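Visitor: Here are the chains, one letter per residue:
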Amino acid sequence: MNRSQKISLTLVITFSLGLFLGITAIVMRRSGVGVWKIALAFAVAIAGSGGIISLVFFRKDKDAITHDERDEQIWKNAHLAGFGAVYLYVILMSFLPIGILGEEASIPVTWCPGLLIGAGFSQVFAQSLAILIQYGWGGKDGGK
Amino acid sequence: MAGNELRNQIRRLRFDNGEMTQQQLADRVGVTRQTIIAIEGGKYAPSLPLAFRIARVFNVTIEQVFHYEAG
Chain A
279 MNRSQKISLT LVITFSLGLF LGITAIVMRR SGVGVWKIAL AFAVAIAGSG GIISLVFFRK
339 DKDAITHDER DEQIWKNAHL AGFGAVYLYV ILMSFLPIGI LGEEASIPVT WCPGLLIGAG
399 FSQVFAQSLA ILIQYGWGGK DGGK
Chain B
3 MAGNELRNQI RRLRFDNGEM TQQQLADRVG VTRQTIIAIE GGKYAPSLPL AFRIARVFNV
63 TIEQVFHYEA G
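Protein sequence lines, in the order shown, are assigned to chains A and B.
Residue numbers for the first sequence follow the working numbering, beginning at 279 and rising by one.
Residue numbers for the second sequence follow the working numbering, beginning at 3 and rising by one.
Next up, chain B with everything else stripped away, as it sits in the complex:
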């Protein structure tokens, strides 16, 4: 599955940004907490607009949040 190849740094970035909770991040990017949990766990690959919104919340580039591992 494509979701397994997409790694992310969301958990680390949340803690680096004042221990932001999953709910706070979800509210800021306009999704449910379930979706943040699924993305963090690598079970769901977000759409490009959502990936950009997440990166924008942490003030980093999209590559600093997500990276693709070709397998």
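With the rest of the complex left out, here is chain A:
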């Protein structure tokens, strides 16, 4: 596994765990069971830890050839996948309140920054997933 594969795998795992805990927190809040704020704080902390882990543990090797034209092609495609994911996410999150609450309902103003943060997470998640898929999940041509 190269550096970008390791970073992508870390981000996919931490974001997936964060998403799972976030959904759990929402379910807890709706059903009034447990301390949902703690679950939500854990979800944000776990989702955010991916970036910190990547910065601390997966540093660049200054001497070796770290990337080439194939990596650049993979990153380019991954950026496109990330952009597509954000586009779909924004469309979904813009129309979802209408679909669920109806046209006459109102939503809190915190929806907008929440949408922005979610867009960032979905971009990084889709990009990391696209990198892993293109490298073949660290398989035959991804091994070190």
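The set of hints was computed from the structure by calculation and includes no laboratory data.
Take these hints with a grain of salt, some might be off.
DSBU-like cross-link-like pairs, simulated, lysine-lysine; straight-line CA separation at most 30 Å [unchecked claim]: (1) A:LYS284 - B:LYS45; (2) A:LYS315 - A:LYS354; (3) B:LYS45 - A:LYS338; (4) A:LYS315 - B:LYS45; (5) A:LYS354 - A:LYS284; (6) B:LYS45 - A:LYS354; (7) A:LYS338 - A:LYS354; (8) A:LYS354 - A:LYS340; (9) A:LYS340 - A:LYS284.
Predicted model, so just to flag it, every value in this text is computed and none were measured.
Starting from the known structure of chain A, fit chain B onto it as the hints suggest.
Guide: Chain B alone, transformed into the frame defined by chain A:
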């Protein structure tokens, strides 16, 4: 995919040239070993400049390294 139509003789050429390792070839053409593995396996079609650099390492023409199979 285009990568599946491009066959290559890199593995054979490496062994004919003193059992050159994938890492040695990667270092000489300026790419990562992963990319050499992907090219050898037909999973990645290299750019023309990279294909020329690989051919130059083995002192052969580009057609002796890569050939396109129209399917």
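Visitor: Regarding the pair LYS45 (chain B) and LYS338 (chain A), is the alpha-carbon distance no greater than 30 Å?
Guide: Given pair LYS45 (chain B), LYS338 (chain A) holds - Cα atoms ~26 Å apart, limit 30 Å.
Visitor: Going straight from one Cα to the other, do LYS45 (chain B) and LYS354 (chain A) come out at no more than 30 Å?
Guide: Distance of about 17 Å is within 30 Å: holds.
Visitor: Next pair to validate is LYS354 (chain A) with LYS340 (chain A); report whether the Cα-Cα distance is within 30 Å.
Guide: holds, 22 Å
Visitor: Hint check: LYS284 (chain A) vs LYS45 (chain B), CA-CA at most 30 Å. Holds or violated?
Guide: holds, 21 Å
Visitor: Given the hint that LYS338 (chain A) pairs with LYS354 (chain A), does the C-alpha gap stay at or below 30 Å?
Guide: holds, 20 Å
Visitor: Starting from LYS315 (chain A), check that the Cα of LYS354 (chain A) is at most 30 Å away, please.
Guide: violated, 38 Å
Visitor: Do the alpha carbons of LYS354 (chain A) and LYS284 (chain A) lie within 30 Å of each other, as the hint requires?
Guide: Holds - the C-alpha atoms of LYS284 (chain A) and LYS354 (chain A) are around 18 Å apart, at most 30 Å.
Visitor: CA of LYS340 (chain A) to CA of LYS284 (chain A), is that 30 Å or under?
Guide: Satisfied, since the Cα-Cα distance of roughly 17 Å is no more than 30 Å.
Visitor: Is the Cα-Cα distance between LYS315 (chain A) and LYS45 (chain B) 30 Å or less?
Guide: violated, 47 Å
Violated hints for the displayed structure, listed by number in ascending order: 2, 4.
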